[in-house]
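*Asks:* Sequence:
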Amino acid sequence: MKTDLNYIKKLIKLLDSNDVNEIEIEEEGTRLKVVKNRQQELPQYIQYSPPQIQVPQQIPTIAETTPKEPIETKEESKTAKTNLIEVRSPIVGTFYRAPSPTADPYVQPGSTVQVGTVLCIIEAMKLMNEIESEVNGKIAKIMVENGQPVEYNQILFLVEPA
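Residues in the sequence shown are numbered from 1 upward in steps of one, following our numbering.
Because the hints were derived from the structure by calculation, they are not lab data.
Predicted model only: the values in this text are computed from it and were never measured.
Be careful, since some hints might not be right.
With a straight-line cut-off of 35 Å between C-alpha atoms, the simulated DSBU-like cross-links for lysine-lysine are [what the hints assert, rightly or not]:
| # | residue 1 | residue 2 |
| --- | --- | --- |
| 1 | K33 | K9 |
| 2 | K126 | K13 |
| 3 | K126 | K9 |
| 4 | K126 | K10 |
Simulated restraints on C-beta separations [stated by the list, open to error]:
| # | residue 1 | residue 2 | range |
| --- | --- | --- | --- |
| 5 | I23 | P105 | 25 to 31 Å |
| 6 | N146 | K10 | 30 to 36 Å |
| 7 | K126 | N18 | 16 to 22 Å |
| 8 | E28 | E132 | 34 to 40 Å |
| 9 | A98 | V20 | 18 to 24 Å |
| 10 | Q108 | I23 | 30 to 36 Å |
| 11 | I12 | I91 | 23 to 29 Å |
Quick reminder that beta carbons are idealized off the backbone N, C-alpha and C, glycines included.
Could you put together the complete structure from these sequences and hints?
*Replies:* This is the structure we're talking about:
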């Protein structure tokens, strides 16, 4: 299959004009997959604006970012005392609690989870990455709001081991 920009544009128009969410074509060893993401109806810069709103009148400096490390250490020691296991973000991206805006969240506080249970999605570069539980237990706390950006190694969930 010859990768033709006009052909790809036609596929995108087909997705936009129909209720089809995904098209996958494979010819002559070449595979093309086009997926419509309904969560991205708002411009990208709007989704990443909340961190700027959280600190409206301050400009981050090196001195301001340094105290955050001891706070995280206190949080880690607090979770160690209560035997809670931290589920951390393996990547930088946008945190979503459900597979789509109209779907129920994967888990709630108090939900029982097994190894391999999907906890959330982190979108990174238009790819949806499912984050799975690595322990059996119960969700004690969700540390991130839906649709918020997350950093690498940021705590997403606290799980009470079974």
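*Asks:* Is the hinted range of 23 to 29 Å satisfied by the C-beta distance from I12 to I91?
*Replies:* holds (26 Å)
*Asks:* Keeping to a limit of 35 Å between CA atoms, is the pair of K126 and K9 held or broken?
*Replies:* Judged against 35 Å, a Cα distance of about 17 Å means the pair holds.
*Asks:* Taking the beta carbons of Q108 and I23, is their distance inside 30 to 36 Å?
*Replies:* Check passed, 34 Å falls within 30 to 36 Å.
*Asks:* Holds or violated: K33 with K9, Cα cutoff 35 Å?
*Replies:* holds (13 Å)
*Asks:* Falls inside 34 to 40 Å, the C-beta gap from E28 to E132?
*Replies:* With a Cβ separation near 35 Å, E28 and E132 satisfy 34 to 40 Å, so the hint holds.
*Asks:* Is K126 within 35 Å of K13, Cα to Cα?
*Replies:* Given that 35 Å is the threshold and the Cα spacing comes to 18 Å, the pair holds.
*Asks:* Would the hint linking K126 and K10 be met if the CA-CA limit is 35 Å?
*Replies:* holds (20 Å)
*Asks:* So does N146 sit 30 to 36 Å from K10, Cβ to Cβ?
*Replies:* At 34 Å between Cβs, range holds.
*Asks:* Just to be sure I understand the hint, the distance between the Cβ atoms of I23 and P105 should be within 25 to 31 Å; is that true here?
*Replies:* holds (28 Å)
*Asks:* I want to verify a distance hint. Is the separation of the beta carbons of K126 and N18 within 16 to 22 Å?
*Replies:* Check passed, 20 Å falls within 16 to 22 Å.
*Asks:* Look at the Cβ atoms of A98 and V20 and judge whether their distance stays inside 18 to 24 Å.
*Replies:* holds (21 Å)
The structure agrees with every numbered hint stated previously.
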